[in-house]
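*Asks:* Chain by chain, the residues run as shown.
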Amino acid sequence: MSIPRRRRALAILALALALTLGAAACGGSSGDGDKSTAQSGPRTLTIWLMTGSAPPAVVDAVNAEWKKAHPNDTVKVELQQWNNVTTKLDAAIAGSNPPDVVELGNTLVSKYAAAGALQDLTASRGQFENNQAWLQSLTESCTMDGKLVCAPYLAGSRAVIYRKSMFAKAGISKAPASIQELRADAQKLMSSFGSDKRFSAFYFPGKYWYAALPFVWDHGGEIAVQDGGKWRGALDSAEAQAGLAELKALVDCCSRADKQGDELKQDQAFAQGHIAMIVANGWEKGVILDKKEGNPKLEKDLAAFPLPSRTSGQTAPVFLGGSDLGIAAKSKNQDLALDWVKLLAGTNFQTQMATVGGVIPNTTTLLDLHADDPYLSVFDATAKNSRFTPTSPNWANVEAANVLPDMLVSIFTGRASIPDATKQASNQITDVLNTGS
Amino acid sequence: MSSTRVRKTAPVVRPATQLAGRTAARPRPRSRRLRPLVPYALLAPALLVLAGVLGFPLYRLVSLSFQQYGLKELFAGKGTFIGLRNYRDILSDGFFWTVVARTVVFAAVCVGLTMALGTLVALLLRNLGRPMRVLVTAGLVAAWAMPTLTAVSIWQWLFDFEFGLVNWLLTRLGVDGYTQHNWFDQPLQGFAVIVVVVVWAALPFVAITLHAGLTQVPAELEEAARVDGAGAVQVFRHITFPVLKPIFLILATLSTIWDFKVFTQIWVLLNQRPSREYFLLGIWSYSESFGVTRYGKGAAIAVVMVLLLMLLVSFYVRQMLKAVGP
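Here the protein sequences come in this chain order: Y and E.
Under this note's numbering, the first residue of the first sequence carries the number 1, and numbering increases by one thereafter.
Under this note's numbering, the first residue of the second sequence carries the number 1, and numbering increases by one thereafter.
Please keep in mind that the hints were generated in silico from the structure rather than gathered at the bench.
A couple of the hints might just be wrong.
In silico DSS-like cross-links for lysine-lysine, where the CA-CA straight-line distance does not exceed 25 Å [stated by the list, open to error]:
(1) Y:Lys88 x E:Lys78
(2) E:Lys72 x Y:Lys332
(3) Y:Lys300 x Y:Lys164
(4) Y:Lys147 x Y:Lys230
(5) E:Lys72 x Y:Lys230
(6) E:Lys72 x Y:Lys147
(7) Y:Lys76 x Y:Lys342
(8) Y:Lys169 x Y:Lys197
(9) Y:Lys88 x E:Lys261
(10) Y:Lys332 x Y:Lys147
(11) E:Lys72 x Y:Lys88
(12) Y:Lys330 x E:Lys78
(13) Y:Lys330 x Y:Lys147
(14) Y:Lys342 x Y:Lys332
(15) Y:Lys174 x Y:Lys248
(16) Y:Lys169 x Y:Lys297
(17) Y:Lys174 x Y:Lys297
(18) Y:Lys164 x Y:Lys197
(19) Y:Lys300 x Y:Lys169
(20) Y:Lys88 x Y:Lys332
(21) E:Lys78 x Y:Lys332
(22) Y:Lys330 x E:Lys72
Listing some non-contacts, in silico: residues in chain Y with all C-beta distances to chain E over 10 Å [claimed, not checked]:
(23) Pro56
(24) Ala69
(25) Gln226
(26) Asp262
(27) Asp290
(28) Gly346
(29) Leu367
What follows is a set of in silico ranges between Cβ atoms, one per label pair, in the way DEER data are often shown [claimed, not checked]:
(30) E:Val104 x Y:Asn84: 20 to 30 Å
(31) E:Trp157 x Y:Thr143: 53 to 63 Å
(32) Y:Ser191 x E:Leu91: 48 to 58 Å
(33) E:Arg133 x Y:Gly273: 42 to 52 Å
(34) Y:Ala123 x E:Leu165: 52 to 62 Å
(35) E:Leu91 x Y:Asn83: 27 to 37 Å
(36) Y:Asn83 x E:Met146: 18 to 28 Å
(37) Y:Asn434 x E:Trp157: 40 to 50 Å
(38) E:Arg60 x Y:Gln226: 35 to 45 Å
(39) E:Arg85 x Y:Asn84: 21 to 31 Å
(40) E:Asn127 x Y:Gly273: 46 to 56 Å
In this text, a Cβ means the ideal position worked out from N, Cα and C, and glycines have one as well.
Taking the hints into account, I'd like the entire structure generated from these sequences.
*Replies:* Structure, rendered in structure tokens:
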């Protein structure tokens, strides 16, 4: 009796061992398997674009054009959300099977370039159309130690989008010429429409740091300054604090937006009809008028003006946003990827991006496309007085740590005074910019 | 009380194994020598799996915490050894102690509330009639069965700034100032919401387990106490609680472990971008690792967190061993 039982126990033990070892063996082998994939046969090109960057029609056209040259291969475009995109990028781009092409916010490029994650495109630069006329700031964001690590894709700078009918009803006849006038107008709007508990004259979600920077810069403040090779956070300077105080006054009187919220849903909120002004990119008009998420009826009622300076008649410096297209260094489809990027960055599709998408194209040769458009030309004009974040490879980590959004939330909610909040943010910025990862 | 119960069952177990051994084997010296090894052999596969899925990541975590490891290192697949610098950085950061204190207080409040409410629900279940008991149990199981992410997303919507049901309801009921009220503006109020969500999810397990335990409390004992004139509170303190003490200890231990490392609730409720006022150790570790790509420092925070948790839990384990006896 004992022998069969022991045998059975031993058999179970052996089986269990075999299974665990087998499982471990499988786990071990699958990792290296894909490396040996030969460069023959049909291949799949994976592209990561950000939501809201290129209209689906443009992406489809690029894919169709690319397919003509590569009939046997397929292309797969995946849209990524801006929220926490770096976490996803970090993991994907360091892995053995990264997306071949990634759209990178222009403030994020240096981080990935410094880590060696982006393919050096210096030798291929000549193959790109308009490469000598590329927008200077985008080209700079793509240049690392003299090497080209990505291709400029699109730029965007923000202005104020407003409702003409609401301005008229509040008795405002022209766009404000200074920030003080803007606040006075906002207060007029609040008294005309304020009985609606959801109404915001100047809708400003608390974490919207891109739109807060113009106030800092307009008062002569800086995010960070370089001191003998070392970075120092500068948001606690008197000038920066004055700018933030100006913004806080505006938010206190005239915004009922979520003080903890971000700007990702501001267009949908605007379309609901309880908002008179938002700070937005030119292309966001398309989201506001979207049939599904927005309200197409507002088409005739929308107009834009540049965010004014505290000096009457001037505009405030705005943040120049934008995106670049990088090719992952570990991509196994370098040639396919380069062809795809060349198309989207080239004249034909950049023209479509500018006309259909409403973005600022990557080359100065196409900048007059918006000249006749009273709406889009406003945004192009603001780009002329634009600024950028500190040019440190560690800047992306300041963004990832939410330093600026946290500071703004503390200020707007009154959790911290402006001096305390800016002091803390500045220390954090100094720390991250100098120590990095 | 409990120790006598355990001692009564223990002797029953021991002869049973001896008996099995005696009938099983004709006197064969070789197999007898090997017999003590059999349990270990049987444990081996499970241990091997545990070593693989738990031991190895733990080893990686600890080794990572001694390295400078950022995106560059991730890309190259190799970090630089920097000894204890990550730990020195953390321990000398004033923020660390704030986060530790916050985490401990948060866990204590959650565990306390979970245990207290769980006990009350368990007692309620015992005193309910059958139909109501089935209904309440079904409700508990439903809450328990819901995946955390789904549940928290619904809670997030309930407390939403613009479209939230809670704000709508309060406004409807005539409470002023809750139109577009942000529950997370002030951390104290925000944490109150988070505690509600955490306790809500933890309650069913505690309540159902305690209810099962309550059915094992001898009715005669409680009756005798009542005959002797003990009130409900006294019966609970002197009879029910001591009998159930091992179960209470296990539940408290598990709750402490769970509530100490709360992550999903805060992460989702605050839109994946919690501000520093809402950092607990787990969130901080994640944000250092995957937000700012300082994987080494993030790992060091995680190691400190595990050590702290072990310290806390060792207290319960000691109590448990005492309660169960040698």
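*Asks:* Confirm or reject each hint.
*Replies:* Status of each hint after checking the structure:
1. For the proposed pair Lys88 (chain Y) and Lys78 (chain E), the alpha carbon gap of about 20 Å is at most 25 Å, so the pair holds.
2. Under the criterion of a C-alpha separation no larger than 25 Å, the hint pairing Lys72 (chain E) with Lys332 (chain Y) is consistent with the structure, at around 20 Å.
3. Pair hint Lys300 (chain Y) plus Lys164 (chain Y) holds up; C-alpha atoms about 9 Å apart against a cutoff of 25 Å.
4. Taking the CA atoms of Lys147 (chain Y) and Lys230 (chain Y), the gap is about 23 Å. The hint holds against a cut of 25 Å.
5. Of the supplied pair hints, the one linking Lys72 (chain E) and Lys230 (chain Y) holds, its CA atoms being roughly 21 Å apart against a limit of 25 Å.
6. Between Lys72 (chain E) and Lys147 (chain Y), the direct Cα distance comes to roughly 18 Å. Compliance with the 25 Å bound is thereby established for this hinted pair.
7. The hinted pair formed by Lys76 (chain Y) and Lys342 (chain Y) meets the criterion: a straight-line CA distance of about 17 Å does not exceed 25 Å.
8. For the proposed pair Lys169 (chain Y) and Lys197 (chain Y), the alpha carbon gap of about 18 Å is at most 25 Å, so the pair holds.
9. Taking the CA atoms of Lys88 (chain Y) and Lys261 (chain E), the gap is about 23 Å. The hint holds against a cut of 25 Å.
10. A distance of roughly 21 Å separates the Cα atoms of Lys332 (chain Y) and Lys147 (chain Y); the hinted pair therefore holds under the 25 Å criterion.
11. Restraint check: the Cα-Cα separation between Lys72 (chain E) and Lys88 (chain Y) comes to about 15 Å, which is no more than 25 Å; the hinted pair holds.
12. Of the supplied pair hints, the one linking Lys330 (chain Y) and Lys78 (chain E) holds, its CA atoms being roughly 16 Å apart against a limit of 25 Å.
13. A distance of roughly 18 Å separates the Cα atoms of Lys330 (chain Y) and Lys147 (chain Y); the hinted pair therefore holds under the 25 Å criterion.
14. Our distance criterion of 25 Å between C-alpha atoms is met by Lys342 (chain Y) and Lys332 (chain Y), whose separation comes to about 17 Å.
15. With a CA separation close to 24 Å, the supplied pair Lys174 (chain Y) and Lys248 (chain Y) stays within the 25 Å bound.
16. Between Lys169 (chain Y) and Lys297 (chain Y), the direct Cα distance comes to roughly 18 Å. Compliance with the 25 Å bound is thereby established for this hinted pair.
17. This hinted pair checks out: Lys174 (chain Y) and Lys297 (chain Y) have alpha carbons roughly 23 Å apart, not beyond 25 Å.
18. Taking the CA atoms of Lys164 (chain Y) and Lys197 (chain Y), the gap is near 21 Å; set against the 25 Å cutoff, the hint holds.
19. For the proposed pair Lys300 (chain Y) and Lys169 (chain Y), the alpha carbon gap of about 16 Å is at most 25 Å, so the pair holds.
20. At most 25 Å may separate the alpha-carbon atoms for a hinted pair to count; Lys88 (chain Y) and Lys332 (chain Y) meet this at roughly 20 Å.
21. At most 25 Å may separate the alpha-carbon atoms for a hinted pair to count; Lys78 (chain E) and Lys332 (chain Y) meet this at roughly 22 Å.
22. Annotation: proposed proximity of Lys330 (chain Y) to Lys72 (chain E) holds, straight-line Cα distance about 14 Å (limit 25 Å).
23. For Pro56 (chain Y), the non-interface assignment is confirmed: its Cβ lies about 26 Å from the closest Cβ of chain E, beyond the 10 Å cut-off.
24. Residue placement check: Ala69 (chain Y) keeps its beta carbon more than 10 Å from all beta carbons of chain E (closest about 31 Å).
25. Distance to chain E confirms Gln226 (chain Y) as a non-interface residue, since its nearest Cβ pair spans about 21 Å, more than 10 Å.
26. Not every CB of chain E lies more than 10 Å from the CB of Asp262 (chain Y), the least distance being 7 Å, so the non-interface label is violated.
27. Remark: the non-interface label on Asp290 (chain Y) is consistent with the geometry, its nearest Cβ contact in chain E lying 19 Å away (cut-off 10 Å).
28. Every beta carbon of chain E lies more than 10 Å from that of Gly346 (chain Y), the smallest distance being close to 30 Å; the non-interface claim holds.
29. No beta-carbon of chain E is positioned within 10 Å of the beta-carbon of Leu367 (chain Y); the least distance is around 35 Å.
30. Checked against the hint of 20 to 30 Å, the C-beta distance between Val104 (chain E) and Asn84 (chain Y) comes to roughly 28 Å, which is consistent with it.
31. Look at Trp157 (chain E) against Thr143 (chain Y): about 45 Å separates their beta carbons, and that is not inside 53 to 63 Å.
32. Distance hint check for Ser191 (chain Y) and Leu91 (chain E): the Cβ-Cβ separation is about 54 Å, which falls inside the suggested range of 48 to 58 Å.
33. Taking 42 to 52 Å as the suggested C-beta distance range, the pair Arg133 (chain E) and Gly273 (chain Y) conforms, at roughly 51 Å.
34. Distance hint check: the CB atoms of Ala123 (chain Y) and Leu165 (chain E) are about 59 Å apart, consistent with the given range 52 to 62 Å.
35. In this structure, Leu91 (chain E) and Asn83 (chain Y) meet the distance hint of 27 to 37 Å, their C-beta atoms being roughly 32 Å apart.
36. As the Cβ distance of Asn83 (chain Y) to Met146 (chain E) is approximately 24 Å, the hint placing it in 18 to 28 Å holds.
37. For Asn434 (chain Y) and Trp157 (chain E), the hinted distance range of 40 to 50 Å is satisfied, since their beta carbons lie about 41 Å from each other.
38. In this structure the hint that Arg60 (chain E) and Gln226 (chain Y) lie 35 to 45 Å apart at CB holds, the actual value being about 37 Å.
39. Between Arg85 (chain E) and Asn84 (chain Y) the beta carbon distance is about 28 Å. The supplied range of 21 to 31 Å therefore holds.
40. The hinted range of 46 to 56 Å is satisfied by Asn127 (chain E) and Gly273 (chain Y), whose Cβ atoms lie roughly 54 Å apart.
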